[in-house]
Amino acid sequence: MGTAYTPGLKVSPGTIVRKQRRLPLKGRVLVNVGDRVSAADVVARTDIPGIIQTVKVAEVLGLEPAEAMAALQVKEGDEVTAGQIFAETKSFFGLIRSECKTPFTGRVELISPTTGHVGVRLPSKPVEVSAYINGTVAEVMENEGVVVETYGALVQGIFGVGGERMGRLAMAVDSPDDVLTEDRIREAHAGAVIVGGSGVTLGALRRAANGGVLGVVVGAIVDTDLVEYLGHDIGVAITGHEDISTTLILTEGFGSIAMAARTFALLKSLEGRDVSINGATQIRAGVIRPEIIAPLDVKPDAAEAWAQGQILDIGTSIRVIREPYFGRLGTVTKLPPELVEVESGAVVRILEARLNDGAEVVVPRANVEIIEE
Amino acid sequence: MAEIKSILATDCGSTTTKAILIEKQGDEYRLVVRGEAPTTVEAPFDDVTVGVVNAVSEVEELAGRKILDETGHIITPMREDGSGVDLYLSTSSAGGGLQMTVAGVVKAMSAESAERAALGAGAIIIDVIAVDDGRKDYEKVKRIRELRPDMILCSGGTDGGTVKHLVELAEMLVSADPQPRLGIGLRLPVIYAGNKEAREPVKEVLGDKVDLRIVDNLRPTLDRENLDPAREAIHEIFLQHVMQQAPGYGKLSDWVSSGIMSTPNAVGKIIQTVAEQMKMNVLAADIGGATTDVFSVFNGTYNRTVSANLGMSYSICNVLAEAGTSDISRWAPFDVNEADLRNTLRNKMIRPTTIPQSLRDLRIEQAVAREALRLAFEHHKTLARSLKGVQTVRNIGEIMEQKETGATLVNLMSLNMIIGSGGVLSHAPRRVEAAYMVLDAYQPEGITMLAVDSIFMMPQLGVLSTVHPEAAAQVFERDCLIKLGSVIAPIGKMKPGEIACSVTIDGEAHDVPFGSLKLVPLTAGEVREVTIKPGGRMDVGAGKGREMAATVEGGAVGVIIDCRGRPMTLPDDARSRVEKLREWHIALGLEVE
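Sequences listed follow chains A and B, in order.
In case it helps, my numbering puts the first sequence at residues 1 to 373.
In case it helps, my numbering puts the second sequence at residues 374 to 966.
Rather than coming from a laboratory, the hints here were simulated on the basis of the structure.
Honestly, I wouldn't trust all of these hints.
Result set (DSS-like, lysine-lysine): computed pairs, CA atoms no more than 25 Å apart in a straight line [what the hints assert, rightly or not]:
1) B:Lys537 <-> B:Lys509
2) A:Lys26 <-> B:Lys582
3) B:Lys953 <-> B:Lys868
4) A:Lys125 <-> A:Lys75
5) B:Lys515 <-> A:Lys56
6) B:Lys537 <-> B:Lys569
7) A:Lys90 <-> A:Lys56
8) B:Lys537 <-> A:Lys75
9) B:Lys582 <-> A:Lys125
10) B:Lys953 <-> A:Lys56
11) A:Lys101 <-> B:Lys515
12) B:Lys576 <-> A:Lys75
13) A:Lys75 <-> A:Lys90
14) B:Lys582 <-> A:Lys75
15) A:Lys125 <-> B:Lys754
16) B:Lys509 <-> A:Lys56
17) B:Lys537 <-> A:Lys56
18) A:Lys10 <-> A:Lys26
19) B:Lys480 <-> B:Lys537
20) B:Lys515 <-> B:Lys582
21) B:Lys754 <-> B:Lys866
22) A:Lys125 <-> B:Lys515
23) B:Lys624 <-> B:Lys576
24) B:Lys480 <-> A:Lys101
25) A:Lys268 <-> A:Lys10
26) B:Lys576 <-> B:Lys537
27) B:Lys953 <-> B:Lys891
28) B:Lys953 <-> B:Lys866
29) B:Lys537 <-> A:Lys101
30) B:Lys576 <-> A:Lys56
31) A:Lys56 <-> B:Lys480
32) A:Lys26 <-> B:Lys515
Label pairs and their computed distance ranges (CB to CB) [unchecked claim]:
33) B:Arg560 <-> A:Glu341: 53 to 63 Å
34) A:Ala138 <-> B:Thr674: 54 to 64 Å
35) B:His446 <-> A:Ile48: 41 to 51 Å
36) B:Ser787 <-> A:Ser317: 57 to 67 Å
37) A:Lys10 <-> B:Thr444: 26 to 36 Å
38) B:Gly962 <-> A:Lys334: 31 to 41 Å
39) A:Glu360 <-> B:Pro411: 26 to 36 Å
40) A:Asp78 <-> B:Asn784: 58 to 68 Å
Remember, predicted model here, so these are calculated numbers, not experimental data.
All residues carry an ideal CB built from backbone N, CA and C; glycine is no exception.
From just these sequences and the hints, can you work out the full model?
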């Protein structure tokens, strides 16, 4: 036995899913524990205070800050509207008038005798948080948000771009080895989350985006196509805020890699159901993986727990996730306990495996993923 | 203080918590064992001490003695039955480290000094705001609001100088109403280290809207920086505020014998201690999965920079984005397909713990490391520089050389030692590979010792150096540092094939043509007096073509004579470049693929 690299990705036909829905600032929670909520329901709301815009009164009037203060016609706390006169001076027996108007509507919050500036706080903007999944409110964090819980199928991808979307799941290919090409995207896919196989072409992605497809779930993508689709390169692996209309979730990686058969079969069984997806990915402290959640109607007696600590053993099905056998499938044949020097010179724990084409190979244990049967 | 016999130190990194046990053996302190466990600041644990206890349990097993009591607490001081330790210390960079925004009046002056203060205190700078940074006020306000730093350092104005601009900065902060990253509803700590005349007006504006601390001006006059008071305030807030909000740190703070230090701050301390004790100019780089830190001490001036998005796993694609595929593949001794390279690096990013199995894969990873190190070094050079805006009396030579104020302090010819740290360097399958990466990335000049940190224990030794400098220095010298050997690298350019340098070691002359590398075996601890005769247009420190005597030291690699010229250039056409790289690999005893 031994450990394989596992990104801890969940592919479950039924599990309890809990999603924390939190406001960026303190605000009001609109639901109670036990309430049934739909994905689009607003569960918490707050007002983000507007920023303060500065009106440089002294500079506009050409006065020293102290003189400008004397000419002010507003005080802290006053509500003001754009165009309103803030300060006025008269000189030469009242014949020459200078005035300073506010270009902003808001509330005067700051008057600075040192700089001669007046700060106008712009009106607040409401911010709402939706439930994101159909479910029940399991927990209320006072003034901050809620935890929504549901029983459903959950598929975590390895990498994604684009934010939260809710739509119906539709299969766009027949097999996990199929590439999602432009011709496979139909008008009926508008408003849906579609599933492809081993990859997606740039043309298909563009057609999906133009045709109102909310999400694309595939095994892999060629990196240059992703960069082209986004219009920019991805540096750090923190995603989810891209300005794109179609969220993309990869289940396997980059290049051309067939979607794991189990993942494909599970998604196929969910065809036609409403799903909530999110491409947000963060691969460092506080790991976030993209996800596809399909709430199910059944009320389970005992939902499947999160699978932990997958174990490598003789006979375990694996996929190699690094060169020189990248993407190849096989079965573990030996797990020698001693450290072994591999071609690169690194001395590591290895396993021996028979690949599906019959080749017998040695691979570092850190370079394989277990395929759940 | 009673005699310290046993010291335990942990470093809580963002992914791994590392524990080391140091004991006094006879007259000297030595590393005994090292243990590690995953860091546990995230769900489901949400408590850093779980990972600490796990790492310490491994130390217990390996050392065969008891350190934790029945309740899982570290026993201090050491008991008569031999259980426990006399000192327990810790550093931390978990939970995103210390994230700061700094503000100043003039970007190239006070804002830059503030940046140096914060970086030196171990922070990651998420934004630098200055009155003259070219952004509109509302853009700055929006940015301050979005970023949610752990604290803000506000500086500007020499003492007795501008007040107005500082009040404007304070007004901007009030407008943004910034919230701290940790602890919803808490007031954001703001350190004011600007013109002392502006303290009261700034206090009036900021009022109780933020948690304001006032310290001495970090740039009291144009020609003087006073960074220590601001750095101390940052460290104090890090302990009192940031650490208390992070999961489990309240508990960890009760366990340690001295305050928890931020990891880079601790590494900086040990580098400074070493530079001071050995009277050397030192450059150190720690290349991690997400970030690369660079530390330098030149003529006693310490600088640290962090390139937050240059690393070998999480940030590997940012190296790709910044350097481009051609700059990475230029270091590979074979042809590289651009699309394959991009897919390979992306797959490393999403599965960061995989390791290179094939030699080809290893060479690609080492090519990325060269670029990450180079880019982080470029960044370091721009910040580690003399004060800008200072009027200096210059002699005719300096005028001719067009030396300006604000010139970088990094002088490779006067650099004595480069220390590399981080997995790709410390765990390179062959030590010569680490030396080769450092050579290409930094291109040292003259005579420079190359070294690597054996198991990355510089953070723990850094925090130890503040409590027990003797123990820290002994363990650093004996157990932490692995010397690779001296490099002799003349600067200048000659025709390919002409003898660029002749080095006489033990009576044997090693003639090295321009464009070549030569490795001369010399094991660790062996020191030799050598004669170096550079070619006519080459300079090894004594002037062009001037012979000099020098002392070189061996190491895990030996003495490398690098006659590839400075600045080093690679052939433009792919075929010649690959040929040249193969030649250099072979010269260093390395296989190509």
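Going straight from one Cα to the other, do B:Lys515 and A:Lys56 come out at no more than 25 Å?
Judged against 25 Å, a Cα distance of about 19 Å means the pair holds.
Sort out whether A:Lys75 lies within 25 Å of B:Lys537, counting only the CA atoms.
holds (21 Å)
Distance restraint evaluation - B:Ser787, A:Ser317, Cβ atoms, bounds 57 to 67 Å
At 58 Å between Cβs, range holds.
Agreement of A:Lys26 and B:Lys582 with the hint, judged by alpha carbon distance not exceeding 25 Å
holds (16 Å)
Taking the beta carbons of A:Asp78 and B:Asn784, is their distance inside 58 to 68 Å?
holds (59 Å)
Would you mind confirming whether the straight-line C-alpha gap from A:Lys56 to B:Lys480 stays at or under 25 Å?
holds (22 Å)
Does A:Lys56 lie within 25 Å of B:Lys537 when you go C-alpha to C-alpha?
Between B:Lys537 and A:Lys56 the Cα gap is close to 12 Å, so the pair holds against 25 Å.
Taking 25 Å as the top limit, are the C-alpha atoms of A:Lys90 and A:Lys56 close enough?
At roughly 18 Å apart (the allowed maximum being 25 Å), A:Lys56 and A:Lys90 satisfy the hint.
Quick check: does the Cβ-Cβ distance between A:Lys10 and B:Thr444 fall within 26 to 36 Å?
Holds, since A:Lys10 and B:Thr444 (Cβ atoms, about 34 Å apart) stay within the stated range.
Starting from B:Lys953, check that the Cα of B:Lys866 is at most 25 Å away, please.
holds (17 Å)
Does A:Lys75 lie within 25 Å of B:Lys582 when you go C-alpha to C-alpha?
Between B:Lys582 and A:Lys75 the Cα gap is close to 20 Å, so the pair holds against 25 Å.
With the threshold set at 25 Å, check whether the alpha-carbon distance from B:Lys537 to B:Lys569 stays at or below it.
holds (13 Å)
Of the numbered hints listed earlier, those contradicted by the structure are 10, 15, 18, 23, 24.
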